[in-house]
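In the working numbering, each residue carries its 1-based index in the sequence shown increased by 3.
Read the hints as simulated data drawn from the structure, not as lab findings.
Everything hinted at is true.
Calculated pairs, SDA-like style, for lysine to any residue (alpha carbon to alpha carbon, straight line, at most 25 Å):
{"id": "1", "residue 1": "389", "residue 2": "518"}
{"id": "2", "residue 1": "307", "residue 2": "250"}
{"id": "3", "residue 1": "199", "residue 2": "356"}
{"id": "4", "residue 1": "389", "residue 2": "477"}
{"id": "5", "residue 1": "199", "residue 2": "228"}
Computed from a prediction, not measured in an experiment: that's the story for all the values here.
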Amino acid sequence: MGGGGGGLTIKGTKKSKLTKELSENEEVQVAGNILGHCWQKRFHDDVNAEYYLKKMYTKKKYPISNSIMNRFRCKIIQRKQMEEENKSKEIIESQINIDLSLQTSFNNLSLYFSSTLSAMAGAAPEGSQFDARQFDAKMNELLSTDGQEEFFTSYDEVYESFDSMKLHENLLRGIYAYGFEKPSAIQQRGIVPFCKGLDVIQQAQSGTGKTATFCSGILQQLDYELVQCQALVLAPTRELAQQIEKVMRALGDYLNVKVHACVGGTSVREDQRILQAGVHVVVGTPGRVFDMLRRQSLRPDYIKMFVLDEADEMLSRGFKDQIYDIFQLLPAKVQVGVFSATMPPEALEITRKFMNKPVRILVKRDELTLEGIKQFYVNVEKEEWKLETLCDLYETLAITQSVIFVNTRRKVDWLTDKMRGRDHTVSATHGDMDQNTRDIIMREFRSGSSRVLITTDLLARGIDVQQVSLVINFDLPTQPENYLHRIGRSGRFGRKGVAINFVTKDDERMLFDIQKFYNVQVEELPSNIADLL
4 MGGGGGGLTI KGTKKSKLTK ELSENEEVQV AGNILGHCWQ KRFHDDVNAE YYLKKMYTKK
64 KYPISNSIMN RFRCKIIQRK QMEEENKSKE IIESQINIDL SLQTSFNNLS LYFSSTLSAM
124 AGAAPEGSQF DARQFDAKMN ELLSTDGQEE FFTSYDEVYE SFDSMKLHEN LLRGIYAYGF
184 EKPSAIQQRG IVPFCKGLDV IQQAQSGTGK TATFCSGILQ QLDYELVQCQ ALVLAPTREL
244 AQQIEKVMRA LGDYLNVKVH ACVGGTSVRE DQRILQAGVH VVVGTPGRVF DMLRRQSLRP
304 DYIKMFVLDE ADEMLSRGFK DQIYDIFQLL PAKVQVGVFS ATMPPEALEI TRKFMNKPVR
364 ILVKRDELTL EGIKQFYVNV EKEEWKLETL CDLYETLAIT QSVIFVNTRR KVDWLTDKMR
424 GRDHTVSATH GDMDQNTRDI IMREFRSGSS RVLITTDLLA RGIDVQQVSL VINFDLPTQP
484 ENYLHRIGRS GRFGRKGVAI NFVTKDDERM LFDIQKFYNV QVEELPSNIA DLL
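Using the sequences and the hints given, assemble the complete structure.
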């Protein structure tokens, strides 16, 4: 390797053959290309990466200055040190959003890698969709901030108002009639790329308007004269599917949209009758939707949009195979949208099977905890003492509407019986109840006639109950990701709320993991809890 400020001297290559000198801007561009290409080749050590660099750029007859090499080595060494230091799985997972952001940048860099070299040599690039220098500048900014921006997105346009999005007039009427005045941060970034037919991955905290984002995108693209299923939305629970149906109907109220929820626990014949009559959008759970496809009651021929809501749950072990089977039946060029509050690495990995160069809008992990939610814990020495602690809090619970989470259906029944046995009025719902019973209970709770609801994580996935301001985790969730879904009930769309966690000695590790996962501090419950509500 040559010294000084000149170009790189490579053994067996005369410097005189390297005919083109690079400007400072081009050096920055080349450095970005080196980083991107070597990342894709998984060259995470400087020896292999330098060998590859020499081979590529000697072949193209461009000198690579020591400043480029030093910049490149620095990043490689930093990455190598980070990987060596972060051996534990928890710490590596805490870097996943940064890694994914970098990966997206590098994927985009590779698309114009060849055209960049051609442009330097004086040839016009062939149909590159990126301005190389602008993208390099954005990538370098991302590297220099170490991924700590609130949003990372591969789609730069931000729309401050619904009017600026060029939506159908009657869709705008529906949006404003529903109560929206200004798009949320995720809506400002997410509605338009979906409306343009692009595949989209959107991750944002619970209660920020993800449902309205994809509903608006779907309603904008429908051909209303064609009464055939053109959009398919899947959700992990019946309740969430039915709520999405209601939002879709409300936003499309002035468009005469026909929407149907295909969920288990309802009449198969009724589903078949409605689908036969014709709908524009089907929202459903994977099992029932696949059954309708298999029976050919739901025809996939005209489906051009496919949305997975709460993707982390949808693509977990329980639903992954069903989702894949459904996707295989859809047209090859179907647009895919994936929406969720949390996006574990395994979920993002699986989306690669379904999606084509998706626009990614990712929120860094420590932004995922909701602002305005006060989080506390109560030390409970024994599991058996949780009931007494809950009863002590009951008068406070009844001041407002509250949700109590436990981890099993059996425990829902047990706790409900115990509370009623002490003359405390509570409602309960879980997956073993028939659909009509669950609908009645949820209707009573939404209306306010029921004040305290005991449930499992069934309710934790996107069910919007406006008045809830207190959540009690009688049992801590078994996975940190579900903590966000649970406490999201208590402060949606910026409303204030309180979350109280009952913690035994056995729960201390999970509470520690939750605090680390979301980068939050959960304080001990003060005595003036009623003043906080």
